[in-house]
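Novice: Residue numbers (UniProt numbering), protein chains in the order written: chain H, 1 to 418; chain A, 1 to 418; chain Y, 1 to 418; chain D, 1 to 418.
It cannot be assumed that every hint is accurate.
The following label-pair restraints were derived from C-beta to C-beta distances [what the hints assert, rightly or not]:
1. Gly206(D) - Pro182(H): 32 to 38 Å
2. Gly253(H) - Thr201(Y): 55 to 61 Å
3. Pro60(D) - Pro145(H): 53 to 59 Å
4. Glu93(D) - Gly253(H): 35 to 41 Å
5. Pro108(Y) - Arg89(A): 51 to 57 Å
6. Gly367(H) - Asp300(A): 51 to 57 Å
7. Gly217(A) - Val287(H): 52 to 58 Å
Covered by chain D, per the in silico footprint, the following chain Y stretches (three or more residues, Cβ under 8 Å) [stated by the list, open to error]:
8. 166-176
9. 258-265
Source of the hints: derived by calculation from the structure; they are not laboratory data. Where is the CB? At the ideal position from N, CA and C, for every residue including glycine.
There are 4 protein chains.
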Amino acid sequence: MAATATAQATDMRPAFPPPDVSARPVDRSAWIAAFRHVRDETERRAAPLSPEDQQIQSMPDASPTKWHRAHTTWFFEQFLLKDRAHGYRIFDERFLYLFNSYYVAAGPRAPRVSRGLVTRPTCEEVAAYRDHVDGAVCTLIETAPDAALAEVLAILEIGLHHEQQHQELLLTDILHAFAQNPLSPAYDSGWRFPAPPAGGTLWLDGGIVPIGHAGGGFSFDNELPRHEVLLQPVALDRALVTNGEWLDFMQDGGYARPELWLSDGWATAQTEGWEAPGYWRQAGDGVWSGMTLAGLKAIDPALPVTHVSYYEADAFARWAGCDLPTEAEWEAAARAGLDGAFGHVWQWTRSSYSAYPGYRPVPGALGEYNGKFMVNQFVLRGSSVATPAGHSRATYRNFFYPHQRWQFTGLRLSHGRA
Amino acid sequence: MAATATAQATDMRPAFPPPDVSARPVDRSAWIAAFRHVRDETERRAAPLSPEDQQIQSMPDASPTKWHRAHTTWFFEQFLLKDRAHGYRIFDERFLYLFNSYYVAAGPRAPRVSRGLVTRPTCEEVAAYRDHVDGAVCTLIETAPDAALAEVLAILEIGLHHEQQHQELLLTDILHAFAQNPLSPAYDSGWRFPAPPAGGTLWLDGGIVPIGHAGGGFSFDNELPRHEVLLQPVALDRALVTNGEWLDFMQDGGYARPELWLSDGWATAQTEGWEAPGYWRQAGDGVWSGMTLAGLKAIDPALPVTHVSYYEADAFARWAGCDLPTEAEWEAAARAGLDGAFGHVWQWTRSSYSAYPGYRPVPGALGEYNGKFMVNQFVLRGSSVATPAGHSRATYRNFFYPHQRWQFTGLRLSHGRA
Amino acid sequence: MAATATAQATDMRPAFPPPDVSARPVDRSAWIAAFRHVRDETERRAAPLSPEDQQIQSMPDASPTKWHRAHTTWFFEQFLLKDRAHGYRIFDERFLYLFNSYYVAAGPRAPRVSRGLVTRPTCEEVAAYRDHVDGAVCTLIETAPDAALAEVLAILEIGLHHEQQHQELLLTDILHAFAQNPLSPAYDSGWRFPAPPAGGTLWLDGGIVPIGHAGGGFSFDNELPRHEVLLQPVALDRALVTNGEWLDFMQDGGYARPELWLSDGWATAQTEGWEAPGYWRQAGDGVWSGMTLAGLKAIDPALPVTHVSYYEADAFARWAGCDLPTEAEWEAAARAGLDGAFGHVWQWTRSSYSAYPGYRPVPGALGEYNGKFMVNQFVLRGSSVATPAGHSRATYRNFFYPHQRWQFTGLRLSHGRA
Amino acid sequence: MAATATAQATDMRPAFPPPDVSARPVDRSAWIAAFRHVRDETERRAAPLSPEDQQIQSMPDASPTKWHRAHTTWFFEQFLLKDRAHGYRIFDERFLYLFNSYYVAAGPRAPRVSRGLVTRPTCEEVAAYRDHVDGAVCTLIETAPDAALAEVLAILEIGLHHEQQHQELLLTDILHAFAQNPLSPAYDSGWRFPAPPAGGTLWLDGGIVPIGHAGGGFSFDNELPRHEVLLQPVALDRALVTNGEWLDFMQDGGYARPELWLSDGWATAQTEGWEAPGYWRQAGDGVWSGMTLAGLKAIDPALPVTHVSYYEADAFARWAGCDLPTEAEWEAAARAGLDGAFGHVWQWTRSSYSAYPGYRPVPGALGEYNGKFMVNQFVLRGSSVATPAGHSRATYRNFFYPHQRWQFTGLRLSHGRA
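Given these sequences and hints, build the entire structure.
Specialist: Encoded structure:
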């Protein structure tokens, strides 16, 4: 990952993000470069993995690497090439069914839980699928009539951001898979977390503030419309909660005191047998280690805690006598300059994931992208060590269920409301 | 129920709600009257039910009538009498365990799912338990030293509102039980819904408005602290969505069009086989009837739809091109005079149930009353036909999971945001 | 139960079993007496139970007392009265559906798992149902034309034996229900086990022996046809395995040594957390007690162990270096005079429950009585303390799944084969 | 498979089975040849499969190809090399844990359901493991002192037969995996069933016959001890039940008539939605095809039906007015010359899988091989098209649960008992 982060610094100007979709004249070669850049990054992330590694789905929430590679390709074939690329030949009609994830409007699809059972096409055949589609997309960018370009680029751009989301999932999913293996394999033995952000407090005065994407550059539909909210005065910690603080919580009975927990959280913790963050294991001598992309490593108390669920984050905040920030507080703080906002861990907020006032999904199949998931999940803000470069912004709304913890999810505290 | 609603009109002044807890001098007899009134209402609601009826728990979310009668009694014994009534004799030590619902701090408790398995104590023994506790509570009210009264009345008051909540559950739980019986028994053959509210639109200008309980009279802790929120301009329908409108939704494929549903909602509807609101059944001739407290009755298109989940309410709103109101919008509208706000059906809002800014639970075991449930649920506002008199207010926050529909839950629409 | 066992000794000749169905002339009054005797015994067993007790179904395998009372009545209405009693009025058409257990050919039926949800009809109404049917059956016995009598008596007789089976289940099912109640209620505080059989060994020489019912008196179809089998020489213990011996097994790690167990048995024991026979509980001081029909009682080491599954019986036998007898060995031994064969505990054999060579079920709905269960179960021989008088015989084949242990099930050992 | 069947005919004398273990002097090279032959056959069967194919476990009952290759290797390492091969170096200590299947006495083992999650070691690494062990086994055979040879050969021989069992599973497991893939991949497009056996009837007179292995050549412990049983006169069909006959059964409502089914079988069929044998699919035009090792093929009515469960076989026999034979009848018939006994489909018998009289497992970990599975399963006799050459014999007892049908399981009928 460290290598990944620097890979795109070889040129003066990174290939991603591409120019604004509305910029005229259209710089077609810049778009092709952005496309190639994102597509290559997926392959770079898959490269250390054997065909066996790429095959498996270690739980229903995760997907095989091979599937990520094929599904992101399907996205361009389904939404961009099929109806817009003149003379395009569908690579394999059956893939339209096999690699649709959840787009009901795009037709029938294979059940999610059986993604790991599809051994054919093999990794090699998926590579050929990617090549086929990549060529056609580049040709489309080069040759699309000017009048069609606006729509082509709009879809292309969402496809690139979509693929970047799967790049992050590819890593979190393989980490989950490797964590099931008694041999604790390493994805990349040189992988490590960046240095953590420093401490201190960021004060917000409260009052009416604008929230949401303001135009200029890409955003997903769930970041819109920009609107005003009324904030209370609040202070946010500049530092992320660390492993060391989490060990204090554990030693103070954090996982054994129901009064610290939400009722549903306590029930989940009991059912799942949680006694520590995800992937943590205690050796016979009481020392904790954790499964990482570099394999099993001793817990470093200075690093941000990660692989904690919303339920755990909420219990920790209650134990600490603090709160989790709301997503509006987080966004206002990010604008005011929040340390470690991006590139460490996704940060749980105490905001349920719901529509901004006046939100309407985009028409058509791509309207299923975000809106239909606006229930039962919580918003996370920032980005993580696994998020690809160019994919972070202050208005970004990530979301997961409160029991999930296979992502790089952590927290920062807010307080001072009294 | 119609009888119930009028029963307390025989006096000039209803026994419930009692005087303000801070009123001095304390009118002890008025508090005794309020206590007797609430306790009697529970028994009046249980009276039509045989010992067999009172025994069963027809699903994990529901509880037996007998348990409701015993648990509300336990509440007074545990939180009021045990430590505060001089010389009080515990009726049966084992009931402290048997009839605790979820208060972890109050000690161990029988598992929720086995409530229906406790055939002993019998209904008669529970009646004796109620008599024993009732006598002791009245004696405590009469004889408590003035210095102790404030605390006694504060606990007493929460106990009364707690019992009123169980009075509503008693009816919804027995309706669920009877709905499982192929004989479709009637709880009260004379029971009927009140006339529905009229139509029209209530406009709100938006801006900063206060939300939450203001002091004066009882509220639960989740209605506090009162605070300000920024509203967008919005219009709320004065009428509740009716059975007739719901039939239109059904005939337009409402239960067969995934694009109308949240993803989790669609999955639930498929798993549960939902094709209509809860308790609706279609005869061979296509005519719909519904299980009610008066037994199986033809669906009346003019009445408010009820026994719909949040998922269904949300899908209906999307189909109608409208929204569900937020709880703040609902509360502002209720202050502005909203028709049919109370006494028909609880109204789903699109607000997740969460803490108001600065919320802190009360210390001690009663602090478990509300706060620990603030996740994964949605707020309902208003009150229903099953809510006892004196239990409704504009700031009241009811909450259920989005898949639940055995309560009297319906909806009203909001719109005009564009 | 002790009372029950002696109740019928007040007359010189017990009312049950009735005369042979083929005896001529038919002694109609003796048949009425037998019918009354069996029907009364059911009511005598239900008498100590409150309506609440009679309502519940504490697990899918068990049924409510009220249901046993109604279902045994339905059996006579469905198979005897409906088509054969001139002018008979069905008590309630809906009961034909409600109280059918599993007779597919007799029409649709309520799902087994919801038996405990049917609070109406009440116990009182079921009593009226019993009276109605009892009167009609007695009238039919008195007035049936001679030509119809053979068939009437054949069905009547199977109905009586069927009801006796439910009398045993009534006790084992309520014991299971009471065992779920933290108050450990007693069904009959005077209930106790009979003195256990003495020790010693019964030797069988082996060779060809006849197995199955020989004619004369009642048998179920699964005891037919009588046929020959080849036995190996074998010795059977005259004593039943006792609680004391079971404690030895436990202290020797019986529940912690997988090598003693069948693979499926070990998996079941782990999943269910078995560490002792069913209903055994260990106090803080290590002393074992067990839930009985007289409530919670100290374990008596001299009594036969009961509430053990086949899996446990098999593991015990392996631990003891012995076998469980086959059902043919047991039957041959019973003919040779086996101590404690009847009236203590049902005795697991190592024979899977299957059809005797040439077995064919009787035609019609009653053909579902036994044959369709001939898979996945094991044969138990003898009878238990809960078996009503007149219901035991050497050829009787009881059967349960190998994981079940809520019946009065124990074991005796065989050995000496070497 | 056709290729497989003829592969070993290149020499005059097949390498397998090896000489009798008691033959002296020991022909070490013949044993090495037999070992090589069996090990090569496993690799030959795995050869058409990609690393992705070899990785997955498509249901808990099945195992990945890679696991079969590793586990059969582990068997030799664990039971033969570890304690007996002087100077043997364990290939990887962790494999002793990873590739133990169910041998409790051999130490802890990875849970069965997670076999498909172990992507490392890769297929290549497993190939190296096989080479390592193969070399050491051959060296051991060559160099073991004469005094140790008897034990070495006894374990070696059971290891070879064990590996042959996994060779069959390898094919049935990959067929199950491919059947989950919407693309219906072919394992070997040239694979086909052998010509079916001809019709006619084989009569057995009944009387006392010997059953079980007689000595001379290999047998598993469950084929012992040889003992006598008493047979009734019976006739067995020489032909196996065909797909055409099964279509008749289906068209006569075979899957829709509960009276034809065992109660547990009917429940399974309803839960699983069975309407045809395993892997059968009906096209829009009503034509049936079935998934085979050659991919999806039209059903050939002349071939033996396969992939039917015991429940289905039992229902078919009842529908046909016949029986399934007992395993003793089958064995006696096989000795009398039964057509198509071997190499087509395993044939369900109506005998529960249980111990022969006097059966005792062998001491040590290998004693877990058969005995602990002797409950809840039914015996199948013969062998199938997937059984490797040299692995069939008349006394062989295969066993599966009555609901399982992913093996090549079919049936033949018996009758004429009347």
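Novice: For every hint, state whether the structure bears it out.
Specialist: Quick rundown of the hints versus the structure:
1. Evaluation of the 32 to 38 Å hint for Gly206(D) and Pro182(H) yields a failure: the beta carbon distance comes to about 55 Å.
2. Range check, Gly253(H) to Thr201(Y): about 59 Å between beta-carbon atoms, so the 55 to 61 Å window is met.
3. Separated by about 55 Å at the C-beta atoms, Pro60(D) and Pro145(H) satisfy the suggested range of 53 to 59 Å.
4. Taking 35 to 41 Å as the suggested C-beta distance range, the pair Glu93(D) and Gly253(H) conforms, at roughly 37 Å.
5. A beta carbon spacing of about 53 Å between Pro108(Y) and Arg89(A) agrees with the range 51 to 57 Å that was offered as a hint.
6. Between Gly367(H) and Asp300(A) the CB atoms are about 36 Å apart, so this pair departs from the stated range of 51 to 57 Å.
7. As the Cβ distance of Gly217(A) to Val287(H) is approximately 57 Å, the hint placing it in 52 to 58 Å holds.
8. With 0 residues carrying a beta carbon less than 8 Å from a beta carbon of chain D, the segment 166-176 of chain Y misses the three-residue requirement, and the given coverage is violated.
9. Counting residues of the segment 258-265 of chain Y whose beta carbon lies closer than 8 Å to any beta carbon of chain D gives 7, which reaches the threshold of three, so the coverage claim holds.
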